[in-house]
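Novice: Between the sequences and the hints, there should be enough to build the whole structure, so can you do that?
Numbers given in this note's numbering equal positions in the first sequence, counted from 1, plus 488.
FYI, nobody ran anything at the bench for these hints, they're computed from the structure.
Just so you know, not all the hints are guaranteed correct.
Stated by the list, open to error - Taking lysine-lysine and the DSSO-like style, the derived pairs with C-alpha atoms no more than 30 Å apart in a straight line are:
| no. | residue 1 | residue 2 |
| --- | --- | --- |
| 1 | LYS1052 | LYS569 |
| 2 | LYS569 | LYS812 |
| 3 | LYS1019 | LYS569 |
| 4 | LYS781 | LYS569 |
| 5 | LYS812 | LYS781 |
| 6 | LYS812 | LYS775 |
| 7 | LYS1019 | LYS983 |
| 8 | LYS628 | LYS675 |
| 9 | LYS978 | LYS960 |
| 10 | LYS639 | LYS675 |
| 11 | LYS962 | LYS1007 |
| 12 | LYS1004 | LYS962 |
| 13 | LYS1004 | LYS983 |
Source: prediction; values computed, not measured.
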Amino acid sequence: MFPPTGNRPISAHVTSPASPDYLTRLNPEQRAAVETVDGPLLVLAGAGTGKTRVLTTRFAHILMTRRAFPSQVLAVTFTNKAAREMRERVAAILGEPAEGLWLGTFHALCARMLRRHAEHVGLNSNFTILDTDDQIRLLKQVMEAERIDTKRWTPPSLMGVIQRWKDRGLTPERITAAEDTDFANGKARALYAAYQSRLRALNAADFGDLMLHVTEILRAHPDILADYHRRFRYILVDEYQDTNLVQYLWLRLLAQGHRNICCVGDDDQSIYSWRGAEVENILRFEKDFEGAKIVRLESNYRSTAPILAAASGLIAHNEGRLGKTLRPGRADAQSGEKVTVVGLWDSDEEARMVGDRIEQYRRDGHPLSEIAILVRAGYQTRSFEERLIAVGLPYRVIGGLRFYERAEIRDAIAYMRATVQPADDLAFERIVNVPRRGVGDAALRTMHETSRREGIPLAAAAALLVQNGGLKGKVRDAVGGLLRDFLRWKDMLEKDGHVVTVATMLDESGYTEMWKQDKSAEAPGRLENLKELVRALADFENLTGFLDHVSLVMENEERDDNDKVSLMTLHGAKGLEFDTVFLPGWEEGIFPNQRAMDESGNAGLEEERRLAYVGLTRARRNAIVSHAQNRRIYANWQSSIPSRFLEEMPAEHVQHSGSAAMARDARIAAATSFGSQFPLMATRRPRVIEAWEQPGRPARTDQIPVGARVFHSKFGYGVVTGAEDDKLDIRFEKSGEKRVLDRFVERA
DNA sequence: CGAGTCCTTCTTTTT
DNA sequence: GAAGGACTCG
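Specialist: As structure tokens, this is what we get:
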């Protein structure tokens, strides 16, 4: 009934002066958030207070009241999941599929914008979007060219530095000497610049570039910015607390036009600071957008009263909150059960407990799709998977390897990239010897040398070497053949379209055959994925559109509506809800995560606490928190201490269950079994106690300085030549240079 | 050049 | 304890 796209006016038949149906279903706060349409608005929305509903209704309201056409609203989300959901719900309200909208993640929208203006940052509009793997490989090459010791200064750590700069909207030129950290003796900025110029040479952009480049373009080209100002009358932003500085700048630039910007967020759910997110963006909002109104959504319709009380009590331990109180809004909220805390002997027992309880729920007629197990880190899913398999409970893991990250998909895409973009060295390098063509390190090195000497792409260098006999015999034939194939496929792409071409490509290159020959268990699945890839191609007009989709949007979730338990990280669970939520692994060091606390101190701890808050508030009716006293990490068992978060939930809303009585004394048990060095105060001991830190061998408290003479029970005597964290580089008199953990040596 | 072996690291979270 | 990378040997 309403046009989904384009500039046709909306034939709104909202004629009645009475409130339209979609508004009357909102509570007064929500309604205020929807109807305060003009001017800047900040909506502080607690968990489960109908945030998405407000956003989508607001979107619809703008259209229904004819304030803008669908294409004149910019709606930004943080995740694809959120974007998809908003798209679906807007479509449902409109009664038609919503297409042609500027609705998507920050990155997807920026990719779209960058394709239009790529030339302003020295890219061609068909630029490639690199994934993390490509980024690291490229950066490593740059570092090696600059003769950086990549063992001492690893590419991923430099990538982190660069990414943080990009998160803050800093191009290499904008970085002052003072900003340059001491990474590789102050070479980070230069390496960043070199990396950026390599990206440009490859006609490629990494994830951070999408935001950075577009923001730079909007800053530098008032005409382009003005164009977007004309286009976007209204801006809607979801998960505002997770935006980083460059995203904030981007929004601010775009919102300068009409100033109709509505940001929805919850400072208590800010869990992405490690990615450069700045909660301060919420605080800046009022300053930057004068006259901004603020609406608070505090009625929670999701969870029972005890769950809300436990979550609220927990999050109250954080300082510097904007302050919101969640009120139970559900009619039956008061009838709910307390949050259950279960203490177990070890991680196996924890997995068993979760499995048993899920079986019980199932016997009681509880659908499995309404049960989730939320863990702190991806690796923790494994023990639960094993247990669920053992008891025959169907489950799905959400997150994990994405479609794009699978080797076969990346290979296939590299073939496409190498065909379409002869300058894409990374793609060429990836597949030049896949399947095996006898092109080894030596041949590749020759190509790299020629490429560098002649200042031409790798593929062009290869062509040259085939011609002038720089490559010989089998290698020459193989490379020559492949290069001819690239040209042929490129022709074919124009004549026969991308679907046929890609299918042919995978066939003729021998790539599919390679997997057919492969005897491993995964091979059939990989072939299936390749088929899926070709199938998916048909949904796109051209290869670029498809590649964008695959790298920015495509998710891993197999579409299946079967009744399954969901298994995912806490981060992955944001925005979702379930009747029953299991929250295992609440132990010091695991959750709160040790590294988060080591790296960010109290701020890190507070973010962990927010993560706990997010976890608890995913549950509608049952929240089962658990912790084990002993956990196997890598090969050895470690003794764990219950998470401080357990005590931070108000006791009156918590019930201890099962072997909880035992676990409640876990602190005492841990303390006594490890001797008097860990008194009861050990609750706050920041590090998990490791099993081999036996009594009688006290944890080392003094630092061993470089130059000290030390003794190691296995390697003997030696001299410390370097130190990093808890690892020491030692030159042993008999065993040579080794890197060992400091607790294994003592001063001689 | 490739297969096999040893060694290292991984365990934070995602677009 | 696994998986990926570096290194060695045939």
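Novice: Each hint: holds or not?
Specialist: Status of each hint after checking the structure:
Between LYS1052 and LYS569, the direct Cα distance comes to roughly 19 Å. Compliance with the 30 Å bound is thereby established for this hinted pair. Restraint check for LYS569 and LYS812: satisfied, since their Cα atoms lie roughly 26 Å apart, inside the 30 Å limit. Between LYS1019 and LYS569, the direct Cα distance comes to roughly 24 Å. Compliance with the 30 Å bound is thereby established for this hinted pair. For the suggested pair LYS781 and LYS569, the alpha carbons sit about 28 Å apart, so the restraint of at most 30 Å is met.
Distance check on the hinted pair: LYS812 and LYS781 sit about 16 Å apart at the alpha-carbon level, within 30 Å; holds. The suggested pairing of LYS812 with LYS775 holds, with an alpha-carbon distance near 20 Å, which does not exceed 30 Å. Between LYS1019 and LYS983, the direct Cα distance comes to roughly 22 Å. Compliance with the 30 Å bound is thereby established for this hinted pair. Of the pairs offered as hints, the one joining LYS628 and LYS675 holds, with about 14 Å between alpha carbons and a cut-off of 30 Å not exceeded.
Distance restraint check for LYS978 and LYS960: the Cα-Cα separation of roughly 26 Å lies within the 30 Å cut-off, and the hinted pair is therefore satisfied. At most 30 Å may separate the alpha-carbon atoms for a hinted pair to count; LYS639 and LYS675 meet this at roughly 15 Å. A distance of roughly 26 Å separates the Cα atoms of LYS962 and LYS1007; the hinted pair therefore holds under the 30 Å criterion. Between the alpha carbons of LYS1004 and LYS962 the distance comes to roughly 24 Å, so the proposed pair stays at or under 30 Å and holds.
Pair hint LYS1004 plus LYS983 holds up; C-alpha atoms about 29 Å apart against a cutoff of 30 Å.
Every hint from the earlier list agrees with this structure, and none is contradicted.
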